[in-house]
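A.B. asks: The task is simple: from the sequences and hints, build the whole structure.
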Amino acid sequence: MTVVDRLVAALGDAVSTDAAALAVTQADKSGHRSLSAPLAVVSARSIADVQETMRIATATGTPVVTRGAGTGLAGASIASGGEIVLSTLAMDRVLEINEADQLAVIEPGILNGAFNGILAGHGFWFAPDPASKAISTVGGNIATNAGGLLCAKYGVTRDAVLGLKVVLADGRLLDLGHRSVKGVTGFDLTALMVGSEGLLGVIVEATVRIRRAVPGTIATVAAYFPTVTDAAAAAAAITAAGIQPAVMELMDSASLAAVASLLGLANTAPGEAHLVVQTDGAAASEEADAALAVIRSLGGRADLSIDPVEGERLLAVRRAMHPAMEALGTTLIEDVSVPRTALPAMFAEIVRIEQLYGIRIPTVAHAGDGNLHPNFIFEGPDVPDHIWQAADDLFSTALRLGGTLTGEHGIGILKKRWLGQELGEDQLELQRQIKKVFDPQGILNPGKVF
Numbered sequence: 001m002t003v004v005d006r007l008v009a010a011l012g013d014a015v016s017t018d019a020a021a022l023a024v025t026q027a028d029k030s031g032h033r034s035l036s037a038p039l040a041v042v043s044a045r046s047i048a049d050v051q052e053t054m055r056i057a058t059a060t061g062t063p064v065v066t067r068g069a070g071t072g073l074a075g076a077s078i079a080s081g082g083e084i085v086l087s088t089l090a091m092d093r094v095l096e097i098n099e100a101d102q103l104a105v106i107e108p109g110i111l112n113g114a115f116n117g118i119l120a121g122h123g124f125w126f127a128p129d130p131a132s133k134a135i136s137t138v139g140g141n142i143a144t145n146a147g148g149l150l151c152a153k154y155g156v157t158r159d160a161v162l163g164l165k166v167v168l169a170d171g172r173l174l175d176l177g178h179r180s181v182k183g184v185t186g187f188d189l190t191a192l193m194v195g196s197e198g199l200l201g202v203i204v205e206a207t208v209r210i211r212r213a214v215p216g217t218i219a220t221v222a223a224y225f226p227t228v229t230d231a232a233a234a235a236a237a238i239t240a241a242g243i244q245p246a247v248m249e250l251m252d253s254a255s256l257a258a259v260a261s262l263l264g265l266a267n268t269a270p271g272e273a274h275l276v277v278q279t280d281g282a283a284a285s286e287e288a289d290a291a292l293a294v295i296r297s298l299g300g301r302a303d304l305s306i307d308p309v310e311g312e313r314l315l316a317v318r319r320a321m322h323p324a325m326e327a328l329g330t331t332l333i334e335d336v337s338v339p340r341t342a343l344p345a346m347f348a349e350i351v352r353i354e355q356l357y358g359i360r361i362p363t364v365a366h367a368g369d370g371n372l373h374p375n376f377i378f379e380g381p382d383v384p385d386h387i388w389q390a391a392d393d394l395f396s397t398a399l400r401l402g403g404t405l406t407g408e409h410g411i412g413i414l415k416k417r418w419l420g421q422e423l424g425e426d427q428l429e430l431q432r433q434i435k436k437v438f439d440p441q442g443i444l445n446p447g448k449v450f
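Counting from 1, position 201 in the sequence shown corresponds to residue 201 in this note's numbering; the numbering is continuous, with no gaps.
These are calculated hints, taken from the structure and not from any lab test.
The C-beta atom is built at its ideal place from N, Cα and C for all residues, glycine as well.
Incorrect hints may appear among the rest.
[To be verified] Simulated restraints, written as ranges between beta carbons of each label pair:
| id | residue 1 | residue 2 | range |
| --- | --- | --- | --- |
| 1 | V351 | M1 | 58 to 64 Å |
| 2 | D5 | R313 | 51 to 57 Å |
| 3 | L35 | G281 | 49 to 55 Å |
| 4 | G281 | A19 | 48 to 54 Å |
| 5 | A90 | A316 | 26 to 32 Å |
C.D. replies: What follows is the structure in structure tokens.
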């Protein structure tokens, strides 16, 4: 009996070998595609389905790629020949909303935006806010430790996760973490699972922190600067002034021009960079006024709005970045982070790299935390050598400035060749050993990260 036969016998119509369904799993939003289709897609409907899939995979030594909505940007959920795709997209229920303890229990397949829509009816919200929240699952957010627009003030996904249920490679179910505010019993395996990119286990349930709706005004400042380094300097100055925006997003001239073309914007001038700052809470108006003063003192032209609808419209410019890049060609969407004070220097280095390699690198940044997303645009399915050379220069520059290879997208297949450059051989080997403890046969997401 083949692996697929065993899966069908155990799970019935949850197993698909339809060519179109298999083809979808060969790619994600990174723009990369595997060369061959996987064996089957298992659309798990329960924890028991996940456990049975992993037991069969372990018994047969068959690799498994866990997948949600496929919105990842590092290739971590791309499947290929000989692999089982384990989809948790159908596991999308909210199991509990506990307003008194300010927590919720959810399945991994629920979309971030849909979850927030449900919470809004209770006067709560979920802080992780990736630009892809309308299409990305909370399970995927957890698997990559997604950040987003609000993380400078409200933290990344790891800060919102209290506990997880995880199915190991051999089918055992771990119940990790706690429902209490505090908890330091043993090693923090919950935090280890967050950002593990499917290498250590399959996340099948999450207990997450939820927040009460923030009262008061939401104020938004939309600013434009002659150059991107001017805009980055203003972002750094806002942070240095002790202002803590909920959102502070920066777009260079190339990314702004692409979005302006996509959305039909008419209020931008050629060569300008864009900075949008949003404040919330009791001091929102005062903080927005202070940010506006900093921006104008550094040569920016800006307007302030306290209309929440207008604020969302202004943020929509930033959220349209990825569709705008897709319209330009094949995109290698990168993700480096540097200390916030190094943001102007990193943008200056990107300009240097553009000039050195004769390319444009449209770049946006979560300026509130120093996380940049440089985009390398090219034609065709394969990344040209000169693009990889430019990316290598960019990664090395970020590390030299005290930064990291990835702030929120993960390593996946795109950055594994540079992992040792940041971690060093000793830490890299320790991480490989941790992988072996959880997955002795190496069947979980093989070929990714390491």
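A.B. asks: A separate judgement is required for each hint: does it hold in the structure or not?
C.D. replies: Comparing the hints with the structure gives:
no. : hint                      : result
1   : V351 with M1: 58 to 64 Å  : holds (60 Å)
2   : D5 with R313: 51 to 57 Å  : holds (53 Å)
3   : L35 with G281: 49 to 55 Å : holds (50 Å)
4   : G281 with A19: 48 to 54 Å : holds (52 Å)
5   : A90 with A316: 26 to 32 Å : holds (30 Å)
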